[in-house]
Amino acid sequence: MNGDSVDTDLARTWVQAIAAAVDKHKDHLTQLDSAIGDADHGTNMHRGFSAAVTALADYEPDTVGAVLVKTGTTLISTVGGASGPLYGGAFRAIGKALDTPTADTQQVAAALAAGLASIQKLGAAAPGDKTMIDAFAPALAAFQQQADAGADLAAAAVAAADAAEEGMRATTPLQARKGRASYLGARSIGHQDPGATSTALAFRALAETVGDR
Amino acid sequence: MKKFINAPETVLAEALSGIAAANPGLKVDAGNKVIARAAGTKPGKVALISGGGSGHEPLHGGFVGHGMLDAACPGEVFTSPVPGQMLAAAQAVDGGAGVLFIVKNYTGDVLNFQMAAELAAEEGITVETVLVDDDVAVQNSTWTAGRRGTGATVFVEKIAGALAEQGGSLTEVADIGKRVNAASRSFAVALTACTTPASGKPGFDLPEDEMEVGVGIHGEPGRSREKLRPAKEIVATALDAILADQPLDDGDETIVMVNGLGGTPLIELYLVFNEIAAALAAKGVVVARNLVGNYVTSLDMAGVSLTVCKADADMLSLWDEPVNTPALRWGI
Numbered sequence: 001m002n003g004d005s006v007d008t009d010l011a012r013t014w015v016q017a018i019a020a021a022v023d024k025h026k027d028h029l030t031q032l033d034s035a036i037g038d039a040d041h042g043t044n045m046h047r048g049f050s051a052a053v054t055a056l057a058d059y060e061p062d063t064v065g066a067v068l069v070k071t072g073t074t075l076i077s078t079v080g081g082a083s084g085p086l087y088g089g090a091f092r093a094i095g096k097a098l099d100t101p102t103a104d105t106q107q108v109a110a111a112l113a114a115g116l117a118s119i120q121k122l123g124a125a126a127p128g129d130k131t132m133i134d135a136f137a138p139a140l141a142a143f144q145q146q147a148d149a150g151a152d153l154a155a156a157a158v159a160a161a162d163a164a165e166e167g168m169r170a171t172t173p174l175q176a177r178k179g180r181a182s183y184l185g186a187r188s189i190g191h192q193d194p195g196a197t198s199t200a201l202a203f204r205a206l207a208e209t210v211g212d213r
Numbered sequence: 001m002k003k004f005i006n007a008p009e010t011v012l013a014e015a016l017s018g019i020a021a022a023n024p025g026l027k028v029d030a031g032n033k034v035i036a037r038a039a040g041t042k043p044g045k046v047a048l049i050s051g052g053g054s055g056h057e058p059l060h061g062g063f064v065g066h067g068m069l070d071a072a073c074p075g076e077v078f079t080s081p082v083p084g085q086m087l088a089a090a091q092a093v094d095g096g097a098g099v100l101f102i103v104k105n106y107t108g109d110v111l112n113f114q115m116a117a118e119l120a121a122e123e124g125i126t127v128e129t130v131l132v133d134d135d136v137a138v139q140n141s142t143w144t145a146g147r148r149g150t151g152a153t154v155f156v157e158k159i160a161g162a163l164a165e166q167g168g169s170l171t172e173v174a175d176i177g178k179r180v181n182a183a184s185r186s187f188a189v190a191l192t193a194c195t196t197p198a199s200g201k202p203g204f205d206l207p208e209d210e211m212e213v214g215v216g217i218h219g220e221p222g223r224s225r226e227k228l229r230p231a232k233e234i235v236a237t238a239l240d241a242i243l244a245d246q247p248l249d250d251g252d253e254t255i256v257m258v259n260g261l262g263g264t265p266l267i268e269l270y271l272v273f274n275e276i277a278a279a280l281a282a283k284g285v286v287v288a289r290n291l292v293g294n295y296v297t298s299l300d301m302a303g304v305s306l307t308v309c310k311a312d313a314d315m316l317s318l319w320d321e322p323v324n325t326p327a328l329r330w331g332i
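Taken in sequence, the protein lines are chains G and Z.
So for the first sequence, the numbering used here puts the first residue at 1; every next one is plus one.
So for the second sequence, the numbering used here puts the first residue at 1; every next one is plus one.
Label pairs and their computed distance ranges (CB to CB): (1) D99(G) <-> A39(Z): 46 to 54 Å; (2) K24(G) <-> M1(Z): 18 to 26 Å; (3) D245(Z) <-> I189(G): 22 to 30 Å; (4) D148(G) <-> K2(Z): 56 to 64 Å.
If you are wondering where the hints come from, they were derived from the structure by calculation, not from laboratory data.
In this text, a Cβ means the ideal position worked out from N, Cα and C, and glycines have one as well.
Kindly generate the complete structure, drawing on both the sequences and the hints.
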């Protein structure tokens, strides 16, 4: 294993890192959600990723994808709300695209694109609607740009995490057009989107996991 | 937060145990979190399944029984159930005539029920869905996810449930459910926010002299915040919004529900019913049937929702059919 590819251990460590980040930030996620939603995003994500960590504990798969498909399936069956199908479907899509023991930067970029496509298909949201896509889409673009420029996995993941956080912050002035926050109309303006925030946590967790390698 | 709980994480499981213990007519599958009729489904009868976040009791488990639902899938508090729950419910109650999912229009509910319908189809179970979207506080436009589903859920479950009991086909039962939804409009006003056990804090701050107009059933803020006014004026505001969307003429018959959101005493609900009955009577609209009480609650929120269904003869006749559930019972 070289330092520029994802293997099953790294995939598992990424999921564990997301779980740790969600645990640390769950009150913040819930607080963001209480402003424009129903105050359960932190609780739901924590329940789902804790279950995913447990599900992966004794799981010894042959492919990177199997780790992520199992994560997605667990999220669908434990998170609930809109986040369950959206995150669960995304992880399953990412996993299905990585049906190999290891994956390089370009393969990861393609898999992340499949994840974003899954979210867009299910949620029917577009960039600017004040959803998790506003963090995911710029993160994917940054990752792909780095991959195309020949950067290694670590550099691509850091660029993606930075872009996701920028996209997350940019949701604050937007008026929500999808999801529960859209019911608030103009009153959703001025609040950072909780889904974009948890997506940024997931990309930062990837960058840190790869960086620690 | 002052609540009768042991720990936020165990609220749903312990409440489900209590529902099972309190209602011999129900059986609860604790593992799958499914509440179903103890007697099972009559072979050949269309099975009705609804579900959604917990915290809205008696919705949905309180409406499981003869003449209404066959099963309910309660999610965590204010969080939709997951597809596995709905699939388990469908497998448990399918009587061979298919399953009707009754889904409130919230993104999470819609997505999870949609996934469940796909899973059920793979298992050879025919599924139809009625989407409830009655809340006029939310403007319908290409930019929103559509109106929220709230109080009309009770009307859809009661009337479609009665037709299923009479032997209606899946298509017929789904069709009457869609007609009831299309004929129903709701509007809610809150005087206080509610507190979920998980967050431990009120969902929003509402000063003593203000109200949240057009509030949703999850404590999500409404469309505007206004100074508190007398009940007569609040009802007029709500009714104006309902009638702007669903005009009613002299002689029209309606089913009207004045629903408490969990923290409003019955004396206030009856006072509100008095106002809406008078306002409708002034327009010549007949309140043919009514419900006054707590049917679709939002935990401990002080507030009230009004639902008006412009009912035709079929709907009224099915409304009068016997029903025997923990929260709705007559004619039996």
